[in-house]
Amino acid sequence: MRVKLVFYPHPLIFAANLKNLMIGGRVTFILALIFSSFLACFSNTALAADDKEQKDGEGGKKSSFNATEVIFGHILDAHEFHFLDIIGKDGRKKPVTIPLPVILYSPERGFTAFMSSRFHHGHTPYRGYALLTEHKIHELHKEGVDVKKAGFFPGKIIPLTADGKWDPNVSVYDISLTRNVVQMLLALGLLVWILLSIAKRYRRGEGVHSAPKGVQNLLEPVITFVRDEVAKPNLGRRYEKYLPYLLTVFFFILVNNIFGLIPGSANVTGNIAVTLVLGLISFVVILFSSNKHYWGHIINPPGMPVGVKAILIPVEILSVFIKPFALIIRLFANMVAGHIIIICLISLIFIFAGLNVYAGWGTSVFSIAFTIFIYFIEILVAFIQAFIFTMLTAVFIGQAFEGSHDDVDHHADPVVV
Amino acid sequence: MDLLMVLLSEVPNANAGGAIGAGLAAMGAGIGVGQIGKGAVEAIARQPEALNDIRNNMILTAALVEGAALFAIIVGFLAMVL
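In the order they appear, the protein sequences are chains F and W. Under this note's numbering, the first residue of the first sequence carries the number 1, and numbering increases by one thereafter. Under this note's numbering, the first residue of the second sequence carries the number 418, and numbering increases by one thereafter.
There's no promise every hint is true.
[What the hints assert, rightly or not] Keeping only pairs whose Cα atoms sit at most 30 Å apart, straight-line, the calculated BS3-like set for lysine-lysine is: (1) F:323 / W:455; (2) F:292 / F:323; (3) F:165 / F:142; (4) F:136 / F:149; (5) F:232 / W:455; (6) F:323 / F:309.
[Claimed, not checked] Interface residues of chain F toward chain W, partial, derived using beta-carbon atoms under 7 Å: (7) 91; (8) 94; (9) 326; (10) 329; (11) 388.
The hints are simulated quantities; they were obtained by calculation from the structure and are not laboratory data. Even glycine gets a Cβ: it sits at the ideal position worked out from N, Cα and C.
Please put together the full structure from these sequences, using the hints given.
Structure representation (structure tokens):
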């Protein structure tokens, strides 16, 4: 009787491999036994320690480096321009800042206006208001105030009762000139000055009948770029009507992006409120330039079977809102991410220095080199994001007033972008 | 069993989930922009005189893809903060 083994059983194959490894079967068995006993006896879950409780005292003593505070202090808005902290010989932290006006309106108390230096960086209340810091929020939390429900964050101004406690019955609207507002105004002032001066020169004929001079040379390539590469291809014959808006949005975003890269400045385009308004204005411009053909294509996409239409129509309706929303989030996220990367790289130096001073010095070499590299990328991203916002606005406006297709082979255009 | 415990203990601490999400989004962005670069470079190799057009389209498309990745990073950030 001949038994033909067509398929070799697994253990033999395994033994063959073990022979290649030069380990015998018994040694394998012992190793497996030891490994399993280690797994069984010594595996425990290590839960990460919750370090939300450790709060650093500030102002009075030299504290360990709190990276979260530094990062959020740079990203968020504030009532002063903060450049650096000088740690004096006694270990006290002295911030170097430019204070800005605080303008508050409370329905109960009326208008109040003063300089933010009166708060002394959150140490002293002034005229019944106090500036919140991390330390103070922690204290209020310990006193039993629900800081999450009240929406407290460092930099918020809260009203106080006569004896210095938080007054929950008074509502205060903060309409002060924070650093975002001041930087926006500075950017607008710079743009208005430069652009109006070259407009005056062009009206006089310089740069039209002769070669452009001075600042015209700087801005003419940029403006013709926006006109020829962004406006004309997407908007066709009607580009002149939209060119002022496209140029405004391009220069506003560009100048604020570049200003945001200067150390000590405010993070304007990385503020969701600013990009929200820019996106909303673009949305309004797109809506006002849409025609019946555009809405017809959304409600009734041509050339689709009924089943696909049922899915496509809600998607198309949503896309009307999602396209400006994407504009908002894209600009916001790019700017915030860039700033956070730069701050994190610099903070790495101080985090390592907290462990060991020489580790800090060593890290600083690589960290600064990397930061310079990322800084160049951020300058590029500043230009690119301004261009992308403008270009996409032009594309959406162009799609909105496209008009009926005169071509013979009408192939349907489904969800665009 | 051990891995399950580690994953379950992550629930009260959403920082790790946010960070993992952001990392995956960055991976997606890398792959996406890499494909854009590949297509653009091949197109330039085929037709070098179309360089400017190709470059403009490459930058535009890269910004769109990065926008999608940054959505996910923002959501990861929100998971950490909220």
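Tested hints:
{"no.": "1", "hint": "F:323 / W:455", "in the structure": "holds (27 Å)"}
{"no.": "2", "hint": "F:292 / F:323", "in the structure": "holds (19 Å)"}
{"no.": "3", "hint": "F:165 / F:142", "in the structure": "holds (13 Å)"}
{"no.": "4", "hint": "F:136 / F:149", "in the structure": "holds (16 Å)"}
{"no.": "5", "hint": "F:232 / W:455", "in the structure": "holds (29 Å)"}
{"no.": "6", "hint": "F:323 / F:309", "in the structure": "holds (20 Å)"}
{"no.": "7", "hint": "91", "in the structure": "violated (31 Å)"}
{"no.": "8", "hint": "94", "in the structure": "violated (30 Å)"}
{"no.": "9", "hint": "326", "in the structure": "holds (6 Å)"}
{"no.": "10", "hint": "329", "in the structure": "holds (6 Å)"}
{"no.": "11", "hint": "388", "in the structure": "holds (4 Å)"}
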